[in-house]
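Please build the complete structure, drawing on both the sequences and the hints.
If you want the building blocks of each chain, they are given just below.
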Amino acid sequence: MVFILNGKQESIEKPLSLDALIAAKGLCPEKIVVEHNFSIISKEDWPKIMLKDQDMIEVISFVGGG
Amino acid sequence: MVFILNGKQESIEKPLSLDALIAAKGLCPEKIVVEHNFSIISKEDWPKIMLKDQDMIEVISFVGGG
Amino acid sequence: MVFILNGKQESIEKPLSLDALIAAKGLCPEKIVVEHNFSIISKEDWPKIMLKDQDMIEVISFVGGG
Amino acid sequence: MVFILNGKQESIEKPLSLDALIAAKGLCPEKIVVEHNFSIISKEDWPKIMLKDQDMIEVISFVGGG
Amino acid sequence: MNMEDLLALGGRSIKSRLLIGTGKFSSYPLMKKALEVAQPDIVTVALRRVDASSKTDNILEYIPKSCILMANTSGARNADEAVRIARLAKAAGTGPWIKIEVVQDQKYLLPDNLETLKAVETLAKEGFIVLPYMSPDLSMARRMADAGAAAVMPLGSPIGSNRGVKTRELVEILVREIKVPVIVDAGLGSPSDACECMEMGCAAVLVNTAIAIARDPVAMAKAFKDAVSAGRAAYLAGLAASGNKASASSPLTGFLRNEIL
Amino acid sequence: MNMEDLLALGGRSIKSRLLIGTGKFSSYPLMKKALEVAQPDIVTVALRRVDASSKTDNILEYIPKSCILMANTSGARNADEAVRIARLAKAAGTGPWIKIEVVQDQKYLLPDNLETLKAVETLAKEGFIVLPYMSPDLSMARRMADAGAAAVMPLGSPIGSNRGVKTRELVEILVREIKVPVIVDAGLGSPSDACECMEMGCAAVLVNTAIAIARDPVAMAKAFKDAVSAGRAAYLAGLAASGNKASASSPLTGFLRNEIL
Amino acid sequence: MNMEDLLALGGRSIKSRLLIGTGKFSSYPLMKKALEVAQPDIVTVALRRVDASSKTDNILEYIPKSCILMANTSGARNADEAVRIARLAKAAGTGPWIKIEVVQDQKYLLPDNLETLKAVETLAKEGFIVLPYMSPDLSMARRMADAGAAAVMPLGSPIGSNRGVKTRELVEILVREIKVPVIVDAGLGSPSDACECMEMGCAAVLVNTAIAIARDPVAMAKAFKDAVSAGRAAYLAGLAASGNKASASSPLTGFLRNEIL
Amino acid sequence: MNMEDLLALGGRSIKSRLLIGTGKFSSYPLMKKALEVAQPDIVTVALRRVDASSKTDNILEYIPKSCILMANTSGARNADEAVRIARLAKAAGTGPWIKIEVVQDQKYLLPDNLETLKAVETLAKEGFIVLPYMSPDLSMARRMADAGAAAVMPLGSPIGSNRGVKTRELVEILVREIKVPVIVDAGLGSPSDACECMEMGCAAVLVNTAIAIARDPVAMAKAFKDAVSAGRAAYLAGLAASGNKASASSPLTGFLRNEIL
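Protein chains in written order, with numbering that gives the first Met the number 0: chain A, 0 to 65; chain B, 0 to 65; chain C, 0 to 65; chain D, 0 to 65; chain E, 0 to 260; chain F, 0 to 260; chain G, 0 to 260; chain H, 0 to 260.
If you want the ones that stay clear, here's a sample from chain F, every Cβ over 12 Å from chain D, calculated:
1) E3
2) I13
3) I67
4) Q103
5) Q105
6) G147
Heads up, simulated SDA-like pairs for lysine to any residue below, C-alpha to C-alpha not over 20 Å straight-line:
7) K31/F <-> L68/F
8) K89/G <-> P28/A
9) K42/C <-> A19/C
10) K244/F <-> A240/G
11) K42/D <-> A90/F
12) K244/G <-> E171/F
13) K30/A <-> K64/G
14) K106/F <-> R175/H
15) K117/E <-> L113/G
16) K89/E <-> H35/B
17) K106/F <-> N243/E
18) K89/E <-> S41/B
19) K244/F <-> R162/E
20) K117/G <-> R86/G
21) K42/D <-> L59/F
22) K30/B <-> K89/E
23) K64/G <-> R11/G
Using C-beta positions, here's what the derived DEER-type ranges look like:
24) G200/F <-> G10/E: 41 to 47 Å
25) G200/G <-> S16/B: 57 to 63 Å
26) K7/D <-> E60/F: 22 to 28 Å
27) K124/F <-> M55/C: 37 to 43 Å
28) G200/F <-> A7/G: 45 to 51 Å
29) Q103/H <-> R11/G: 54 to 60 Å
30) Q103/H <-> K7/D: 48 to 54 Å
Keep in mind that the hints were calculated from the coordinates and are not lab data. Built from N, CA and C at the ideal position, the CB exists for glycine as well.
Right, dumping it as structure tokens:
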């Protein structure tokens, strides 16, 4: 099963929840916001979301900007 | 019966056609355009238009402008 | 005998020294400088200068300027 | 015997007049002005001037300028 | 100036890059003289209610027949009013050329880009040759061009202010980025302002007040005409770059030092 | 432009208010074409040591006979050198017209007003028609005029910089206060710069680099010629004042409101 | 500067009229130092996809906790994208403050006023405190204010160009006519540019590039801070009018003539 | 601002780069307050005949004792008069500091560079610390520096005109070429003008009218003080260059396209 993370296709064998994905990627929950198929998912809901085939996930954080 | 000519109310007793009105006002047909109740009336149709109560007539011509 | 003080002609009967003139005019020695016939006279020399006919005296002080 | 022409030292054996020098250099009299030891020499006087040792000659002409 | 340098506009080949407005002249005969010396291809006029009582002349009789008449929609406060005026103008005989002018702000007479865009869309569809007077903004100028504007006419400064090309920074960008001709309209106060616009690469300029209220409008019209062709010629001839240092235009003559080389 | 508007200068009546310098042209024939289209009355040249080895043409053959030749003293670093060059130029046949140019500063080529003044005094006494290139300073310009300068020629910006009239504030004061003609020399980079000078009331402008190094010097010469007459005409025609607010050039048409009056 | 002169914006009382952008600093610690000396109340940040591979720090840790964080929507090419980024930013914790930046043009990064207006309408309804970066156009600025923008942020010149307030003519009109604060954003290259904006009556300025890429960003941040309060103070203190003539600041001392009065 | 950034002038280390003139204040007490907030190191005064009848205060009592008093020679029309006033001022107790101001022109109050130079030569020899007010001309500024001027003070625009640095082109050249400090005197109308001068690299500015006739001279004095240090700090911090294109200060966020990389 494949999904798109920040524009890159990735594939997994066994089921994976959003928080497991974040953890696996070693991303710091405090500094990011996650969008799952165009809807923003609050941290507390990450465990409830199980990735499905073709899911599109965006993980965003702040950078310098004017 | 009353009508509005260029924003001024006027009243008449007997029926009057657009071309008769233009003539009565001494306006030169070549240099004007006439709007009757928001639709533009070409010169040849002036005789066909008989003024009705509350009609709104605009008679416009060119002036200097930038 | 006449002399010119700041462009105005004045006349006196009896001899007059510079310091007497300054005193007579009620000018405050601290804030002025005195020029006698185009040479600057220091305060201590004022008593030594006796006015002569046609002497030209300028009494100058500071004012605002850019 | 040596002389300076436009800043360059040159030497000659036998006597030479200004007009001979100009001719020898192939310069067109119409377009130049000649200065001999800081005085301007008119064309008619060129033949009269015999070069002397250490003479300084400037030959000038017009060029583009703003 | 190169005879072949014509401006393609509204399907016509325009020779004069000086468009002239007819407002504010002290008299029609004076205006006529000014137009005769300036020889514009395009002249703007406005519309107004006829005053039956006053017997004013017909301005059209004082505009050379050879000129393209372009009515403006001055007085319009929104797209609908502009469209209505445009249709009246066409019916009145100015043909398809229309300068869209939609103004809400009565103090600076600045154009309303959004209502102007709407009017461009409607009138271009109806076959008008549409020249919108606009506030110099790249995104709206693009939309007007895409909607069928024959040209865009950004302001140099407020109408009648004679302040010159105060919007140069933005107008230069329009010139580089917009695919239709850019014609600076409003605010040009002197021939050097008009010349500067042409040197920047503008396709043309529209001038009214600076000519009409000059002490001698006829001579001023001629001055603008010459300045516009000078500026256009300079643009075509390739202006030299400017620098921060000096660069001698004359040889730094050597002989004065009398140095022995 | 008014045929009677002639510039009285050095006892002559000058028709063209565009003086042209002859430096930096890529070739003499090209320069000749530029002069033929611009039709200047006064053309500047410089002096240089003849290089016997090189067989360059005589520049004078490429300058219309009708032009007044004015040699400049470029290369002079003080009054004495300027005087020496002026005398050489006269002997070489340019007649009494001389542009004094005394420069110490080799980076910006800015004129030395004090040495320039001394050269004016000497040469005016010798009967030269003296036009000093100067830094725009009222007190020195007055002295040059009193010493017999036929005109004063303040710089617009450094020679060859094409930066325009960066000294406008001071040049405008010279125009109002100096009794001899004020001719802006140096730095004018585009026809609009020259036009602006003329609108300010300058008597003329002297241009060289901007024409000589343009992509098309002949077309650029024509552009400067037209811009100068446009600017002069505008000055004579009386430019309208500029304001901070807008002022309608069209009637703010009433009929759109349909109000009952 | 008067302690009571606070800017009411988004329901807050803002003390510093210098808003600072966080892009382009060579390091976060350097940026932190600059923010510490400039003491802005409002600081802008951007959003970007996390790169799992790179372990970059969290910029928020380098911004004083006292600052209001305002995310921008840079990268958005239309209203929908801007709205989406705004919601993400809010979810990510910047709260309700959002700088709308919708850019189609990648060369000059000029804002798209129409798409920006749409984003203002949507986000203001959602309770965001919306500050739109916009092209200085009165009609669109009015619409943005009417749609609930907390302020309008016209550009001085293109982002990062450091060219200053090239749009002064139009920005001055916004200051006079728009009822919400006018904050000049983009293009300010030096403290004097920022000072000039404040003297014009702008409510504040937003600066990023000119500070971030200065040789010494910390000192430059302080310089901008001081120039902004100087300009604001001058505006409040009432600048004297400028004139064309001189007016002596010293008495023209009489005694030197030695005239007998 | 860097504590070590002191201006070496006349053998002193000057902390404030804002020199203040004392003319035109509506009252001495008001002037005193302005000087107390601006904390200038150098303050200028003028001389005048005492009017025995009027009992005006002594201005010196309203100037902080810590200030260096610098008398000006206003009213002088030539070098001799300037020298005479300088000597009177010294006798009156201002010490060796003198601002030379020689003016013939009563309309624009422009300095006479030649007479000013003569006064510099005489007074420098007599041990005065001479700061000549001058018309920005490189050759004369060099001579004044060579004659012993402690600094040169070119005008920004006519005295009291509040027009700003209209002579920027020439002043910038002085800053680069003259070995003594360049202090812009006259014409600065707003703090941003003063800030701009400092950013250009001027050593200091002298302001009088713009402060004295402001609605609130005390607040304006503070504004000028802050703007001057801001401009100086910016100069030291290295202003970034300006460009013609935009340069993004935010990443052009990629995620919005949802492209598959």
